[in-house]
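S.K.: Listed below, chain by chain, are the residues.
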Amino acid sequence: MQFHRPETVEDALHLMAGQPAKLLAGGTDFFPALGGRRTSDAVVDLTGIASLSGIARSGSSWRIGAMTRWAQIRDADLPRQFLGLQLAAREVGSIQIQNTGTIAGNLCNASPAADGVPPLLALDADVEIAGPDGTRVIPLFDFITGVRRTELKPGEIVTAVLVPDAPASRSAFLKLGARRYLVISIAMVAANVVLSSGGALDGIAIAVGACSAVAQRLRKLEENLTGTVPGSEDFQKAIAEYGLHELTPIDDVRASADYRLAAVRTLIARAVMQAVEGRG
Amino acid sequence: MKFEEPTSDNLFDRAMVIGKATPRIDGPLKVSGQAPYAYERHDVVEDQLVGYPLGATIGRGRITAMDTEAARNAPGVAAVVTTLDIDPLEISSFNNARLFGGNEVRHYHQAIAVVVAETLEQARHAAEMIDVTYEEEEGNFDLEKAWQNGLGTDEADAETGNVDEAFASAEVTLDETYRTPDQSHAMMEPHSSIADWSDGENMTVWTSSQMIAWARKSLAETFDIDEDRIRVESPFVGGGFGAKLFLRSDAVLAALGSRAAQRPVKLTLPRPFIFNNATHRSATIQRIRLAAGQDGRLTAIEHEAAAHEFEGGGNEENPTNLTKLFYAGANRRVKHHDVVLDLPESSSMRAPGEASGLMAFEIAMDEMAEKLGMDPVEFRILNDTQVDPMNPDVPFSDRNFVDCLKVGAERFGWSDRNRKPGDTRDGLWMVGHGMAGAYRGAPTLTSGARVRLERGHLTVETDMTDIGTGSYTILAQTGAEMLGLPLEQVTVKLGDSRFPASSGSGGQFGAASSTAGVYAACVALREEIARRLETDDVRFEDGNVIAGNKAIPLEEISADAEITAEDTMEFGDFQDDLEIGTFAAHFVEVGVHAATAEVRVRRMLAVCDAGRILNPVTARSQVIGGMTMALGAALSEQLAVDKPRGYFVNHDLAGYEVAVHADVPDQEVIFLDTLDPAISPLKAKGVGELGICGVAAAIANATYNATGIRVRDYPITLDKMLDRLPETF
Chain A
1 MQFHRPETVE DALHLMAGQP AKLLAGGTDF FPALGGRRTS DAVVDLTGIA SLSGIARSGS
61 SWRIGAMTRW AQIRDADLPR QFLGLQLAAR EVGSIQIQNT GTIAGNLCNA SPAADGVPPL
121 LALDADVEIA GPDGTRVIPL FDFITGVRRT ELKPGEIVTA VLVPDAPASR SAFLKLGARR
181 YLVISIAMVA ANVVLSSGGA LDGIAIAVGA CSAVAQRLRK LEENLTGTVP GSEDFQKAIA
241 EYGLHELTPI DDVRASADYR LAAVRTLIAR AVMQAVEGRG
Chain B
281 MKFEEPTSDN LFDRAMVIGK ATPRIDGPLK VSGQAPYAYE RHDVVEDQLV GYPLGATIGR
341 GRITAMDTEA ARNAPGVAAV VTTLDIDPLE ISSFNNARLF GGNEVRHYHQ AIAVVVAETL
401 EQARHAAEMI DVTYEEEEGN FDLEKAWQNG LGTDEADAET GNVDEAFASA EVTLDETYRT
461 PDQSHAMMEP HSSIADWSDG ENMTVWTSSQ MIAWARKSLA ETFDIDEDRI RVESPFVGGG
521 FGAKLFLRSD AVLAALGSRA AQRPVKLTLP RPFIFNNATH RSATIQRIRL AAGQDGRLTA
581 IEHEAAAHEF EGGGNEENPT NLTKLFYAGA NRRVKHHDVV LDLPESSSMR APGEASGLMA
641 FEIAMDEMAE KLGMDPVEFR ILNDTQVDPM NPDVPFSDRN FVDCLKVGAE RFGWSDRNRK
701 PGDTRDGLWM VGHGMAGAYR GAPTLTSGAR VRLERGHLTV ETDMTDIGTG SYTILAQTGA
761 EMLGLPLEQV TVKLGDSRFP ASSGSGGQFG AASSTAGVYA ACVALREEIA RRLETDDVRF
821 EDGNVIAGNK AIPLEEISAD AEITAEDTME FGDFQDDLEI GTFAAHFVEV GVHAATAEVR
881 VRRMLAVCDA GRILNPVTAR SQVIGGMTMA LGAALSEQLA VDKPRGYFVN HDLAGYEVAV
941 HADVPDQEVI FLDTLDPAIS PLKAKGVGEL GICGVAAAIA NATYNATGIR VRDYPITLDK
1001 MLDRLPETF
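Heads up: the sequence lines are chains A and B, in that order. Take the first sequence: its position 63, counting from 1, is numbered 63 in the working numbering, and each next residue is one higher. Position in the second sequence counted from 1, then plus 280, gives you the working numbering.
Here chain A stands alone, though its shape is the one from the complex (with noise of 0.2 Å):
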């Protein structure tokens, strides 16, 4: 087996140039992946490059690095925009896991309960990828098209996660599972809430995940809840009507798709209200 471990994005895009590779981030996925097997491909660890890591503002923009952990994420000190991202931050497995699982190996790993895709697709990210042709940037919408199944072709590498600047923006991030902490999600909510000074939703982003293959927005919803004041008669209604076409949950040991739809109906609300509360 080949294990690399370069120092500069170049380097790695030369060393998985013509040959299958598999990119090694944190190694929380990695490594269970394998399932105790040896991979013939070669690895390309990416802990050595440092230009990867971070969290930077760069004109109307925020930078995190593909590399960046997740206990990064959670200990930064950002605007409230990113708080539901820094709240699945907490949750995303145990402390020792946030410690070395990175924000893009999340993405690539594509799972469908991962914590961080929700939090980030109500933030609007992009993904930022670069390749032997060059560097381009995709929504994160985009990025993630199945189970285990990214846009990401073979030779090119995630470099940072981009995510516009919207100072008025609260968010909020709820995780429900059987037990309090350290669980595989039954169904996750990120809302990202602009308030208008009467007090209505002038702006909304929900994202649902564990309810369906690829976590989802809920646009038809942000329509119909823009210009309702949260918790008022119009937002309740808005919310229990809505079909939640866009999920497509199942059953499984952790809960019955029937319970995840009744739930996520209540956590949109939830998440909601707190994202307007700018509660932690």
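By construction, these hints were calculated from the structure, which means they are not laboratory data. One thing to keep in mind: the hints can contain errors.
Restraint-style ranges between C-beta atoms, simulated for each label pair [unchecked claim]:
#1 B/N482 - A/D11: 52 to 60 Å
#2 A/S196 - B/L708: 24 to 32 Å
#3 B/D696 - A/A168: 40 to 48 Å
One-sided and incomplete, this derived list gives chain B residues near chain A with beta-carbon spacing under 10 Å [unchecked claim]:
#4 R404
#5 T704
#6 L708
#7 H873
#8 E878
#9 A939
#10 E948
#11 L1005
If you're wondering where the values come from, they're calculated on a predicted model, not measured in any experiment. The beta-carbon is built from N, C-alpha and C at its ideal position, and this holds for glycine as well.
Add chain B to chain A, keeping to what the hints say.
M.R.: Below, chain B without anything else, positioned relative to chain A:
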């Protein structure tokens, strides 16, 4: 020494050390990483290799071929032993599923090979290379089906009075069926062993076992070698809960690997392997019928249950056992079906029988109290009994269940509870209160010890184990009390087959039995000292032996040569004429989310009656550990059975959800100040299993009280209440 009659007044009634809150004396070793656990004993023998197991991936059938060539040629590999390489090993008298050997597969993840290599990674890698061909067979994996077929068949296990008549004429009756799932012990330390059988002659096993003598006997039977050639050491055990009562495949595979590689081998069962390879608590299905008059007095009790076991036996989960004893009532019938299934072997897990039995029975009591319009505390008080209700000539030795209920109700604030189900709200949370009673027997087993006094320092040696329970500390306290020494002058050595055989740890018999064994050895030592002083009248105080009006320092007595004594406590037949048990009342407050049905326990109170509490620190730790385990049992723990393929699907700690810190609220434990002279000279009974008993039902009852939704199928996961949640929230 034989314990032949209830204890009268003795030195423990004026104790200086016993009964005092004492932090565990082995704590510093544990928190500094120096306590020698089995897998980390790199110093006990040189040239250790590492073993890795391979498990069968079918539920039932046979192996037709195993290709090990690639594994044998893999880097670092010293030996590969497959189940086809050897004749089936004997099944020891403590086992039911065969641990290794032969081509027959009787359960999923049955061990079928061990690879021994220089490193863990090499052994694991090579194990993956073994190619196995199976011939799969159909198996029976469905308890529900067996229950439907067996319900109402077979004779009762025990019956008194006229049950059918009592039900026919009763003013109030209840007839409900309850289900508890298969559960895993999920102790922190996996099954682990280092075995040195390099010469194929003498075997030494450094392992993680609750029962040294049983482990040794099992190894002798399994490998058909003389017990005298086997040594077993297990000084520290990272939790057992029954999983480590009996020999498991870790020690067997390490021994076989060692013989093949002619070097010592260490091996731990990987966590995802344990759930199907080792044992678990059986699922149960229980039908409970209760009859009572309007006055609330129970007139009839019927309890019929089923659990599953491996062919040949092993299941200890008989939920009807407690029903014979716990409450009054003239007419009673209990029946238990042990159904043979082809799942992995069911065996003992913390409070086998009582744990699942009370999960169901104490919901039934709650439901019956509601039908009668009674306070569930009052209902239980009214139906207390001081004698075995099926054999009224047999009294309880010391039963203070009513006091547990009364003290608990007062301390919890039961009178301020939510009375009407679904009536108390705290924002989006529905708040409820529930309680349950608990009963668990207090058995004793023969237990021996050796004591050595040298320059005033006492060393206690017994093969007793400390599985996190606090044995080291209570045995040191016992020795200190008996010899009038400060605790620091006592050293305790445990878990070695070279020491006198003890009760071991299990069935909550360990504390009562092993302290009695140390007591017996100390009595022998005191007698030896008296003999040397040529007197009958000695007392031991403040490091001195006092003979007449003379105080001689023990340091002086044992200055030239150590004085040793050894004895074994045997428990007399008089105990058979009594019911010796432990009792508790549990009170719980929960919040249930009105929309998602998340159940979050808010506070828990246990009031325990278990005789003298030898050490309030370690006893409390036992009880809150049991309460936490029961919280998992109530709300999230469940081994999911793949019925077509015959195995537990969620076989790791991500899928099998035990309670985490964030689930555990305020826990309070009150020990009643009681003594039971019939149990032992120390008048102390165990609490390790009492702590798990009844708690899950108290949570279930509180959940009902919060919501008005009765769930009779554990665990009470969120989705089971969904269709009955309130419309508005």
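S.K.: Could you run down the list of hints and mark each one as holding or not?
M.R.: These are the hints, each one checked on the structure:
{"no.": "1", "hint": "B/N482 - A/D11: 52 to 60 Å", "in the structure": "holds (57 Å)"}
{"no.": "2", "hint": "A/S196 - B/L708: 24 to 32 Å", "in the structure": "holds (26 Å)"}
{"no.": "3", "hint": "B/D696 - A/A168: 40 to 48 Å", "in the structure": "holds (46 Å)"}
{"no.": "4", "hint": "R404", "in the structure": "holds (6 Å)"}
{"no.": "5", "hint": "T704", "in the structure": "violated (20 Å)"}
{"no.": "6", "hint": "L708", "in the structure": "holds (8 Å)"}
{"no.": "7", "hint": "H873", "in the structure": "holds (8 Å)"}
{"no.": "8", "hint": "E878", "in the structure": "holds (7 Å)"}
{"no.": "9", "hint": "A939", "in the structure": "holds (6 Å)"}
{"no.": "10", "hint": "E948", "in the structure": "violated (20 Å)"}
{"no.": "11", "hint": "L1005", "in the structure": "holds (8 Å)"}
Against the hints set out earlier in the document, violations occur for numbers 5, 10.
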